[in-house]
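Enquirer: Take a look at the letters that make up each chain.
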Amino acid sequence: MPETSFSPAGRGADGESLEWLAALSAAGHRREDAIERLHALLLRAARFEVARRRRAVGVALDPGEVDDLATQAADDALMAVMRKLPTFRGDSRFTTWAYKFALLEAAVKVRRRAWQGREVALEDDGWARLADRAASPHEDAQTAELLGAVGRAIAEALTPHQRAVLTALTLDDVPIDVLAERLATTRGALYKTLHDARRKLRARLAEEGLEPGRATAGGTR
Amino acid sequence: MSSRDSKRSADLLGRLLGPAEPEVSCDECFEQLDRYVEIERDGRDAEAAIPGMRAHLEGCPACHEDHDSLVALLASDAASPES
Ligand SMILES: [Zn+2]
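From first to last, the protein sequence lines stand for chains L and Y. Just so you know, the working numbering puts the end of the first sequence at 221, numbered straight through with nothing missing. Just so you know, the working numbering puts the end of the second sequence at 304, numbered straight through with nothing missing.
No lab work stands behind these hints: they were computed from the structure. Some hints here could point you the wrong way.
Simulated DEER-style distance windows between Cβ atoms [said to hold, decoys possible]:
(1) Y/248 with L/75: 18 to 26 Å
(2) L/60 with Y/272: 36 to 44 Å
(3) L/141 with Y/248: 36 to 44 Å
(4) Y/225 with L/82: 48 to 56 Å
(5) Y/269 with L/129: 37 to 45 Å
(6) Y/293 with L/161: 32 to 40 Å
(7) Y/297 with L/131: 44 to 52 Å
(8) L/140 with Y/242: 21 to 29 Å
(9) Y/243 with L/15: 33 to 41 Å
(10) Y/265 with L/156: 39 to 47 Å
(11) Y/292 with L/58: 19 to 27 Å
For glycine and all other residues, C-beta sits at the position ideal for the given N, C-alpha and C.
Using the sequences and the hints, build the whole thing.
Expert: Here is the structure:
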């Protein structure tokens with residue numbers, strides 16, 4: 001297998017990736033064989049992710065369900081990869097590029113499976129809990145002030161839809177793919193709503209002269 | 222006051238407010254994920270190559286998990302190369 005060469009301005013596809021592209025674009029047996037190998041690769045990635053995500057979300061799945069989810073994810077990923085093949089630019093190895101489709105399909109399926117039958121309450125007053133927390137004697141003064149201000153900003157600056165999405169995603173920890181399914185929308189559209197809501201909250205805090213940077217230093221994880 | 226409570230509150234504020242820096246969208250994140258992870262694996266500056274990606278991964282738990290899974294899968298491949 002040829003060594004991958006790097007150049008600062010990006011790189012063209014490496015030899016192994018070019019071979020994948022050629023085989024998948026070929027005709028007859030060569031293509032069928034490549035699709036079979038690709039499906040096996042995607043299935044391995046999907047199994048990896050189902051096992052990993054299942055541990056993370058603590059969902060009980062019997063071995064048959066694990067197999068079903070992984071196989072469905074691999075099948076869906078194969079369709080996505082073949083559809084997107086013309087857009088592969090060789091910015092990464094072909095296998096890395098293909099893997100992400102299988103990981104995404106598998107992760108979404110496990111998150112949705114874990115929430116199957118569970119109600120997603122779209123109450124838009126979940127933020128009221130922030131006031132309780134702000135009033136807790138365990139909070140230092142600066143954090144309490146920020147929590148109180150964020151609670152007020154949620155009540156006053158956001159639309160009902162922004163409040164509901166923010167509450168579900170950040171306070172109730174509903175996975176974004178589960179919420180997207182329930183609301184018949186997409187991860188991207190929901191994140192845009194969350195992003196706009198967060199910007200409004202930050203703007204409101206800035207108007208009040210509050211600086212959230214210190215309290216949230218180090219990010220969210 | 223307990224430091225665990227203040228950590229939880231800081232986490233909560235972080236989740237509510239998200240990253241302060243500009244960030245890419247979920248679609249853009251997925252588009253760039255394979256390239257970003259390989260740049261990280263090469264030990265190069267991924268944030269300089271794809272600005273806004275790190276902020277998005279900080280603000281979006283689902284994309285963050287997808288990122289970590291791709292990193293883990295490539296590491297597992299490297300540990301036990303395919304036959
Ligand atoms: Zn995202």
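Enquirer: Are the hints correct? Go through all of them and say.
Expert: Status of each hint after checking the structure:
1. Distance hint check for residue 248 of chain Y and residue 75 of chain L: the Cβ-Cβ separation is about 22 Å, which falls inside the suggested range of 18 to 26 Å.
2. The given range of 36 to 44 Å is respected by residue 60 of chain L and residue 272 of chain Y, whose C-beta atoms sit roughly 41 Å from each other.
3. For residue 141 of chain L and residue 248 of chain Y, the hinted distance range of 36 to 44 Å is satisfied, since their beta carbons lie about 41 Å from each other.
4. Roughly 49 Å separates the CB atoms of residue 225 of chain Y and residue 82 of chain L, a value that falls within the hinted 48 to 56 Å.
5. Between residue 269 of chain Y and residue 129 of chain L the C-beta distance comes to about 40 Å, which sits within the given range of 37 to 45 Å.
6. Judged by the Cβ atoms, the range 32 to 40 Å given for residue 293 of chain Y and residue 161 of chain L holds: they are separated by roughly 35 Å.
7. Between residue 297 of chain Y and residue 131 of chain L, the C-beta spacing of about 45 Å keeps the proposed range 44 to 52 Å intact.
8. Under the hint 21 to 29 Å, the C-beta atoms of residue 140 of chain L and residue 242 of chain Y, about 26 Å apart, fit the expected range.
9. For residue 243 of chain Y and residue 15 of chain L, the hinted distance range of 33 to 41 Å is satisfied, since their beta carbons lie about 37 Å from each other.
10. Separated by about 44 Å at the C-beta atoms, residue 265 of chain Y and residue 156 of chain L satisfy the suggested range of 39 to 47 Å.
11. At roughly 22 Å, the beta-carbon separation of residue 292 of chain Y and residue 58 of chain L lies within the given 19 to 27 Å, and the hint holds.
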